[in-house]
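Chemist: Order-wise, the sequence lines are chains A and B.
So the first sequence is numbered by our numbering: it starts at 16 and just counts up by one.
So the second sequence is numbered by our numbering: it starts at 363 and just counts up by one.
Treat the hints with caution; some may be incorrect.
Partial pick of chain A residues on the chain B-facing surface, computed with a CB cut under 8 Å [as the list claims (entries may be wrong)]:
1. Asn40
2. Leu156
3. Leu335
Derived by calculation from the structure, the hints in this document are not laboratory data.
Glycine included, every Cβ here is placed at the ideal spot set by N, Cα and C.
Each chain, letter by letter, is given below.
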Amino acid sequence: MPGWLIDFLWVVVKVTLVIAFVGVNFIFMVWLERKLSAKMQARIGPNRVGPHGSLQLIADALKLFSKEDIKPAMADPKVWALAPVVMFAPALLVFYVLPVGPNAVIGTDLNVGLLYLAAVSSFTLVGIFMAGWGSNSKYSLLGAMRAGAALMAYEIPLVLSILTVAMLAGTLSVQGIVQAQVDRGYYFVFPGIVAFIIYFICVMAELGRGPFDLVEAEHELVMGYQTEYSGMRWGIMLMAEYTNQFTAAAIAAMLFLGGWDGPFLPGWLWLVIKAYALVMVMMWVRWTLPRVRIDQLLDLSWKFLLPVSLLNLVVVAIFLV
Amino acid sequence: MLGPWVDLLVFLIAGLTFPVLNVVLSSLLRRDYPYPEKVMPYESGEDPVGDARVRFRVSYYVFAMLFVVFDVETVFLYPWAVVLRELGLFALIEIIVFIGLLLVGLYYAYKKKVLRWV
Numbered sequence: 016m017p018g019w020l021i022d023f024l025w026v027v028v029k030v031t032l033v034i035a036f037v038g039v040n041f042i043f044m045v046w047l048e049r050k051l052s053a054k055m056q057a058r059i060g061p062n063r064v065g066p067h068g069s070l071q072l073i074a075d076a077l078k079l080f081s082k083e084d085i086k087p088a089m090a091d092p093k094v095w096a097l098a099p100v101v102m103f104a105p106a107l108l109v110f111y112v113l114p115v116g117p118n119a120v121i122g123t124d125l126n127v128g129l130l131y132l133a134a135v136s137s138f139t140l141v142g143i144f145m146a147g148w149g150s151n152s153k154y155s156l157l158g159a160m161r162a163g164a165a166l167m168a169y170e171i172p173l174v175l176s177i178l179t180v181a182m183l184a185g186t187l188s189v190q191g192i193v194q195a196q197v198d199r200g201y202y203f204v205f206p207g208i209v210a211f212i213i214y215f216i217c218v219m220a221e222l223g224r225g226p227f228d229l230v231e232a233e234h235e236l237v238m239g240y241q242t243e244y245s246g247m248r249w250g251i252m253l254m255a256e257y258t259n260q261f262t263a264a265a266i267a268a269m270l271f272l273g274g275w276d277g278p279f280l281p282g283w284l285w286l287v288i289k290a291y292a293l294v295m296v297m298m299w300v301r302w303t304l305p306r307v308r309i310d311q312l313l314d315l316s317w318k319f320l321l322p323v324s325l326l327n328l329v330v331v332a333i334f335l336v
Numbered sequence: 363m364l365g366p367w368v369d370l371l372v373f374l375i376a377g378l379t380f381p382v383l384n385v386v387l388s389s390l391l392r393r394d395y396p397y398p399e400k401v402m403p404y405e406s407g408e409d410p411v412g413d414a415r416v417r418f419r420v421s422y423y424v425f426a427m428l429f430v431v432f433d434v435e436t437v438f439l440y441p442w443a444v445v446l447r448e449l450g451l452f453a454l455i456e457i458i459v460f461i462g463l464l465l466v467g468l469y470y471a472y473k474k475k476v477l478r479w480v
C-alpha cells in the first residue's frame, strides 16, 4: 500500500474512534446527569433498565432512532435541516487538537491550537441560530436570540482568560501548554486562579448550562431552539450539546490542570478523569442554583467579568515581564 | 504525512456526514404520518398567530456592536500574549495603554447606559 493511503486510513480510524467515544460519552453523561440530579433532589432517578438504570440511555437512543421526524410546515426546510449538522461538526472538530499523552495528540498539534479552539467552539452558535431562525417558531427564535446575546457577552472574557494561559506558557499550541506545565512542575491553575474561575463561568454561560440556561428555559420557552426538532435530529443536537460540555471541561483540564499529566495511570485516562471531575462540578452548579434573568446574565459579563479579566491579564503580564 | 490540514478536512467531513447518516438511517426504520395539526409550530396547543420572524428589540444589536469592538481587540492580544517575554517592558506598557483605552471605552458605554438591558 502507498504511504499516503496508510496515513489516510489511520486518520479514518482515528475519526471513527473519536465518534465512538462521542457516542459512549453522550450516553454516559446523560445517565450521570440524571442520576446526580436525582440524588440532589432526593429522588432515585432511572433504575429500571439494567443495573442502576445504566442501560436506560441505550434504550432511549433506540427509541429516538425509531421516532417520527416531524418537519414543521412553516419552517425554512434547508436551514432547519442543516442546523443539527452545523451544530455537530464543530463539536467533533474540537477533538482534533486535544493532547492525550506526551507526544500524542488525537489529530495534529496545531501551532495555533488555542486560536483554533476558540474559533471552532464558538461556531456552534451558528447552528443554534440556524435552528432558531429556520424553525419559524416563536419559542425557537427567542431561545436563539438569547443564545446569541449570551455568547457575545461571554466570548470576550473567555478568550481573555485563555490568553492568560498563553502568556504563562508562551505558546498557543495545546500540547505545548500541557508540556510547559509538566516541565515547570506546577499547574497553571495556581498563577491563573482568577482566569480559571472566569473560564469556568463563561463556558457554562456559553453552553447554556447551569444557572445560565435561559436559552432553553423550559418553564418559559418549552425547549428553546430545539422546540421544533424531534427524533434523531433532536438526538444529534443533544449529542452536540453534551459533547461540547465534555470538551469544554477537557480544555479547562488541559489549560489549567495539567491535562494528561498524572502518576500511574495512562495519560488519556487522567485527561478523562479531570474532565469528568469538572463536568460533575458543572452539573452540581446547574442543579443547585436558580436560573438568572437575561439582564443579570448580561450584567455579570459586561460589568464584572470583562473588566476583571482585562485587569487580570495586565496583572499577570506585569508579573511575567 | 498528508499534512495537518488534510487530516482536519477528514475530521470535518466525518463531522458533517455522521449526523446526516443518522437521520437517513432512522428514516429507513419507520414511516412518517404528517397531518396539518402535527406540523404546526408548537405553541403549547394554541394556533400560532402570524410569523415568528418579527422585529426584535434593538438592545441585541447594541450589544453585538460592543462585541465586535472587543472581539477585534482580543485578536490583537493573541500574538502579543505569545511573545510577551521576548518583547519585554516596552510592549507591556503599550498593551497597558491599549487596554486602558478599551476600559475607558467600556466606562463610557456604561455611563451612556448602553449596558442597561431594560
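Chemist: Decide, hint by hint, whether the structure agrees.
Modeler: Verification of the hints:
Hint status for asparagine 40 of chain A relative to chain B: violated, with the closest Cβ pair at about 14 Å, above 8 Å. Look at leucine 156 of chain A: its Cβ gets to within about 5 Å of chain B, closer than 8 Å, so that hint holds up. Contact between leucine 335 of chain A and chain B, as hinted, is supported at the beta carbon level, the nearest pair being about 6 Å apart and thus within 8 Å.
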